[in-house]
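Protein chains in written order, with my numbering: chain A, 1 to 373; chain B, 1 to 347; chain C, 1 to 164.
Calculated directly from the structure, the hints in this document are not laboratory data. Hints are supplied without guarantee of correctness; some may be wrong.
Unchecked claim - Calculated Cβ distances over 10 Å to all of chain B for the following chain A residues:
id: 1; residue: R121
id: 2; residue: F208
id: 3; residue: K210
id: 4; residue: R218
id: 5; residue: R224
id: 6; residue: A230
id: 7; residue: M311
As the list claims (entries may be wrong) - What follows is a set of in silico ranges between Cβ atoms, one per label pair, in the way DEER data are often shown:
id: 8; chain 1: A; residue 1: P293; chain 2: B; residue 2: Y227; range: 47 to 53 Å
id: 9; chain 1: A; residue 1: D223; chain 2: B; residue 2: T165; range: 46 to 52 Å
id: 10; chain 1: B; residue 1: A105; chain 2: A; residue 2: P154; range: 56 to 62 Å
id: 11; chain 1: C; residue 1: A61; chain 2: A; residue 2: I213; range: 51 to 57 Å
Said to hold, decoys possible - List time: in silico BS3-like cross-link candidates among lysine-lysine, alpha-carbon distance up to 30 Å:
id: 12; chain 1: A; residue 1: K119; chain 2: B; residue 2: K5
id: 13; chain 1: B; residue 1: K290; chain 2: B; residue 2: K116
id: 14; chain 1: C; residue 1: K59; chain 2: A; residue 2: K184
id: 15; chain 1: A; residue 1: K210; chain 2: A; residue 2: K119
id: 16; chain 1: B; residue 1: K213; chain 2: B; residue 2: K116
id: 17; chain 1: B; residue 1: K116; chain 2: A; residue 2: K314
id: 18; chain 1: B; residue 1: K116; chain 2: A; residue 2: K289
id: 19; chain 1: A; residue 1: K345; chain 2: A; residue 2: K210
id: 20; chain 1: A; residue 1: K345; chain 2: A; residue 2: K119
id: 21; chain 1: B; residue 1: K5; chain 2: B; residue 2: K290
id: 22; chain 1: B; residue 1: K150; chain 2: B; residue 2: K213
id: 23; chain 1: B; residue 1: K116; chain 2: A; residue 2: K345
id: 24; chain 1: C; residue 1: K59; chain 2: C; residue 2: K95
id: 25; chain 1: A; residue 1: K119; chain 2: B; residue 2: K116
id: 26; chain 1: C; residue 1: K44; chain 2: C; residue 2: K91
id: 27; chain 1: B; residue 1: K213; chain 2: A; residue 2: K119
id: 28; chain 1: A; residue 1: K289; chain 2: A; residue 2: K345
id: 29; chain 1: A; residue 1: K4; chain 2: A; residue 2: K289
id: 30; chain 1: B; residue 1: K290; chain 2: A; residue 2: K345
Cβ coordinates follow ideal geometry from the N, Cα and C atoms, glycine included.
Residue-level listing of the chains:
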Amino acid sequence: MSSKLRLFFIENAVVILFVVLIAFAIPVSGLPGTFLMQEILTRLGRNTFLVIALLLPIMAGMGLNFGMVLGAMAGQLGLIFITDWNIVGIPGLLLAMIISLPISVFLGWLCGSIMNLAKGREMVTGFILAFFMNGLYMMVVLYAMGSLIPIMNPELLLSRGYGIRNVIGLDGVRQSLDTLIPLKVAGLNIPVFSFLIIAAVSFFIIWFRKTKIGQDMRAAGQDRAVSGAAGIPVEQTRILAIIISTVLAGIGQIIFLQNLGTINTTSSHEQIGMFSIAALLIGGASVTKASIPNVIVGVILFHLLFLVSPMAGKNLIGSGMLGEYFRQFVSYGVIALALVLYEWKRVTQENDSRATLRGGGTPAAKEAKGGAA
Amino acid sequence: MDSMKRFAADFGLPRIIITLYLFALFLAAPFVGVNLPASISDTLIRIGMNGIMVLALVPMIQSGCGLNFGLSLGVIAGLLGATISIEMGFVGAWGFVAAILISQAFGAVFGYGYGKLLNRVKGGEMMIATYVGFSSVMIMSIAWLILPFKDPTMIWGYGGTGLRTTISVEGFWRHILDDFLVIQIGENFKFPTGAILVFAVMSFLIWVFFHLKIGTAITAVGSNPTYARASGINIDRMRIVSVMMSTMLGALGIIVFQQSFGFIQLYEGPLYMAFPAVAAILIGGAGVNKATLTNVFIGAALYQGILTMTPSIFNAVLKVDMSDVIRIIVSNGMILYALTRKTKVAK
Amino acid sequence: MTSRSLFQRSCVLLGFIALSVYLFYIGKGHTLLIDTNAVTINGKELRSPETIEVSIDGKPAESMGRAERILILAGGPRHTITIEVLSGDDKKVEKQFTIPTFMDSAVVSVPAILGDAPPEFWVTTFTAPPVEEAPAEQMQHEQDAPEATTEISPNATAPGQQKP
Chain A
1 MSSKLRLFFI
11 ENAVVILFVV
21 LIAFAIPVSG
31 LPGTFLMQEI
41 LTRLGRNTFL
51 VIALLLPIMA
61 GMGLNFGMVL
71 GAMAGQLGLI
81 FITDWNIVGI
91 PGLLLAMIIS
101 LPISVFLGWL
111 CGSIMNLAKG
121 REMVTGFILA
131 FFMNGLYMMV
141 VLYAMGSLIP
151 IMNPELLLSR
161 GYGIRNVIGL
171 DGVRQSLDTL
181 IPLKVAGLNI
191 PVFSFLIIAA
201 VSFFIIWFRK
211 TKIGQDMRAA
221 GQDRAVSGAA
231 GIPVEQTRIL
241 AIIISTVLAG
251 IGQIIFLQNL
261 GTINTTSSHE
271 QIGMFSIAAL
281 LIGGASVTKA
291 SIPNVIVGVI
301 LFHLLFLVSP
311 MAGKNLIGSG
321 MLGEYFRQFV
331 SYGVIALALV
341 LYEWKRVTQE
351 NDSRATLRGG
361 GTPAAKEAKG
371 GAA
Chain B
1 MDSMKRFAAD
11 FGLPRIIITL
21 YLFALFLAAP
31 FVGVNLPASI
41 SDTLIRIGMN
51 GIMVLALVPM
61 IQSGCGLNFG
71 LSLGVIAGLL
81 GATISIEMGF
91 VGAWGFVAAI
101 LISQAFGAVF
111 GYGYGKLLNR
121 VKGGEMMIAT
131 YVGFSSVMIM
141 SIAWLILPFK
151 DPTMIWGYGG
161 TGLRTTISVE
171 GFWRHILDDF
181 LVIQIGENFK
191 FPTGAILVFA
201 VMSFLIWVFF
211 HLKIGTAITA
221 VGSNPTYARA
231 SGINIDRMRI
241 VSVMMSTMLG
251 ALGIIVFQQS
261 FGFIQLYEGP
271 LYMAFPAVAA
281 ILIGGAGVNK
291 ATLTNVFIGA
301 ALYQGILTMT
311 PSIFNAVLKV
321 DMSDVIRIIV
331 SNGMILYALT
341 RKTKVAK
Chain C
1 MTSRSLFQRS
11 CVLLGFIALS
21 VYLFYIGKGH
31 TLLIDTNAVT
41 INGKELRSPE
51 TIEVSIDGKP
61 AESMGRAERI
71 LILAGGPRHT
81 ITIEVLSGDD
91 KKVEKQFTIP
101 TFMDSAVVSV
111 PAILGDAPPE
121 FWVTTFTAPP
131 VEEAPAEQMQ
141 HEQDAPEATT
151 EISPNATAPG
161 QQKP
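Isolated chain A (complex conformation) (with noise of 0.2 Å):
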């Protein structure tokens, strides 16, 4: 094998990996191909805009995103808030996505602090903020929301007068953006206007990149101390990276639930994250590297694995359950095994620098160093 080929296989390991994993699994599940099409071009239109959120951290050397939640959280208010008040169509997700910038801003702000707070943490604080923040989100929701917030729409609460329900229907907005310019190819229903949104999301994305701020950021994930030297703001533009970062989670979420249809108010938020991050790294990302290719092929991918698994579980040992856990496992063991290699090289890096330093060091030193290798 040429070692063209052979670097290749090496750099995209993951992704022929899973490539391999679903091309066994999809006849074993025995899906239709025109269903799984269709249900791909669905998922694209639904979620890409979410992974995309996660660009911008990675490049500014701050890992993978898990506080993209927060974004998604306010997406989630900004409809609560169109449903109570009737909006309807597109007015109505313009509104809500207005609604949330301010909410996202904030949120995104007070993230990026707090990882500047925990620099080297950025990924476990993140996690964690997420979750803290999900208390906090459900206070408001479940408690603040028709008593001190003022609901005007009554069916909007639960029945002890005060608190959102669980499930709201969006019928209001449903679908708005993905019928928005409809086109049936094939027998198969194009959300063209969500595929031009993320057009245009991408586009602003390779735009930002060469803006200087975009350049300061690429530097600033790149070597901290030698950009804070170079005069570049690492702290503000850390902070910015995450706040575009949420801004753009909470615009993603709204699209997202418009084509879902419903919200479900405790936990339409919760997995968005992992289940982001993992489509990410499926395409091929790592944790200091993402681009635009790694999450449209992620996205096909890992939904691809979500709708085959399940059937292929049960066909294989007549239980689907096996099929979820496996998806699971994988979503769960990609991330993993992504954090594993970043940080293996990142000890490597450092062993090596520190070695040359050293020039060979003491007994001591030499087996600590090759106890990690």
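Dock chains B and C against the given chain A, drawing on the hints supplied.
Just chains B and C now, kept in the frame of chain A:
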């Protein structure tokens, strides 16, 4: 005044707030019709239930591996111990001991592999611990479905495959510790002597361990790696020991938990079990790389106190149950606080 | 912050607020009750033809008889109603009407429109009858949709199963 200020700064504002909050809850209890002896009894039972899991975090914190979010690995070892013990038909005290012994074997093996992995990724242990923990729970979920267990109390009825989601330990070793030498005062107060005794004994053993040569070596690895290296301590080996201890204690912890709770929770049950323990030890004053037994006791007491008192008081006063939301905010807020604190470790 | 950037930011903020108000206005949803019951306007009684077909904003037409009411959900202030009379006269009428923004449910009277009554009589507020009423009259808000019985109290977790 100065020493008080220093104490307050060290102890941390969040912890002061939490202590005052719990104090307020206890004070309010008799006034709102909440039965104080029953509440205290409940809290003690819960401390006995969860204490060892909190204890399990100490070794890894001390060795510099951070907060063990991957405690679920130890829990899985414990689950294997419990299910295999039931499968083999052991009941009562023998069943309990068998479960523990089997779980320790698994715990040691899991801990070893887990420790080797963590040694490769020094600096990023916490996030990896979390996701390794999650992935393992999911692999085990698949395993629970296909492993050849036969005991009728454990598998699905009507010939389904695999184990049930929750398995009752009624008739096996339910409450075996709680009721051991139990002290019953009046009709509301029950002191679970057995559980507290085991917790106390384990804590004592850990205390002794950390005063042995190997224990001090582990502490050195966590607080001053350069010194440790210079003293000829094998950092990697000490870390593996600490991870194995943590996993094995976690296995023991879940079995103690199950005897009080009454059920074995399989599949996705262990997924988030590390988090309450982490929150508890942090509430008790531990940091990301320093933990003492005092932290464990205070933390377990405060955390379980809040968990027990909040629902009853809030329900009585406001007629609303906010306990779940408050638990989420308090425990995750505490972890967040600890993560963002500047550490005074000499690296 | 310089006064110029303060000015710029205020402009952006005002722009967003203006946009929000606009979106609220053109997006507000209404429940339209197309009504063929006879009405009395200015002393004259107007009645609806026997069968008609009604369409709002170009949506698929529905046929109605006399003394009926159908429910159509619509968004925005301005709407077009197309009435095609199938019995007797055979005429087609197309008219525009507006719904005030804060009127959630509006009764649109077909006889008033067909009878060339002044536009202010076309649309009236719907007031729900006091106690229980027949299902056809009952308000059907969009939010009713998946009224799942899942009113799970947020505290349905066992002591051992705590989500962080």
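A quick look at each hint next to the structure:
{"no.": "1", "hint": "R121", "result": "violated (6 Å)"}
{"no.": "2", "hint": "F208", "result": "holds (27 Å)"}
{"no.": "3", "hint": "K210", "result": "holds (31 Å)"}
{"no.": "4", "hint": "R218", "result": "holds (22 Å)"}
{"no.": "5", "hint": "R224", "result": "holds (15 Å)"}
{"no.": "6", "hint": "A230", "result": "holds (25 Å)"}
{"no.": "7", "hint": "M311", "result": "holds (16 Å)"}
{"no.": "8", "hint": "A:P293 - B:Y227: 47 to 53 Å", "result": "holds (48 Å)"}
{"no.": "9", "hint": "A:D223 - B:T165: 46 to 52 Å", "result": "holds (49 Å)"}
{"no.": "10", "hint": "B:A105 - A:P154: 56 to 62 Å", "result": "holds (59 Å)"}
{"no.": "11", "hint": "C:A61 - A:I213: 51 to 57 Å", "result": "holds (55 Å)"}
{"no.": "12", "hint": "A:K119 - B:K5", "result": "holds (28 Å)"}
{"no.": "13", "hint": "B:K290 - B:K116", "result": "holds (22 Å)"}
{"no.": "14", "hint": "C:K59 - A:K184", "result": "holds (20 Å)"}
{"no.": "15", "hint": "A:K210 - A:K119", "result": "holds (26 Å)"}
{"no.": "16", "hint": "B:K213 - B:K116", "result": "holds (22 Å)"}
{"no.": "17", "hint": "B:K116 - A:K314", "result": "violated (36 Å)"}
{"no.": "18", "hint": "B:K116 - A:K289", "result": "holds (27 Å)"}
{"no.": "19", "hint": "A:K345 - A:K210", "result": "holds (28 Å)"}
{"no.": "20", "hint": "A:K345 - A:K119", "result": "holds (18 Å)"}
{"no.": "21", "hint": "B:K5 - B:K290", "result": "holds (21 Å)"}
{"no.": "22", "hint": "B:K150 - B:K213", "result": "violated (46 Å)"}
{"no.": "23", "hint": "B:K116 - A:K345", "result": "holds (16 Å)"}
{"no.": "24", "hint": "C:K59 - C:K95", "result": "holds (15 Å)"}
{"no.": "25", "hint": "A:K119 - B:K116", "result": "holds (25 Å)"}
{"no.": "26", "hint": "C:K44 - C:K91", "result": "holds (21 Å)"}
{"no.": "27", "hint": "B:K213 - A:K119", "result": "violated (34 Å)"}
{"no.": "28", "hint": "A:K289 - A:K345", "result": "holds (13 Å)"}
{"no.": "29", "hint": "A:K4 - A:K289", "result": "holds (21 Å)"}
{"no.": "30", "hint": "B:K290 - A:K345", "result": "holds (27 Å)"}
In terms of the numbered hints stated before, the structure departs from hints 1, 17, 22, 27, listed from lowest to highest.
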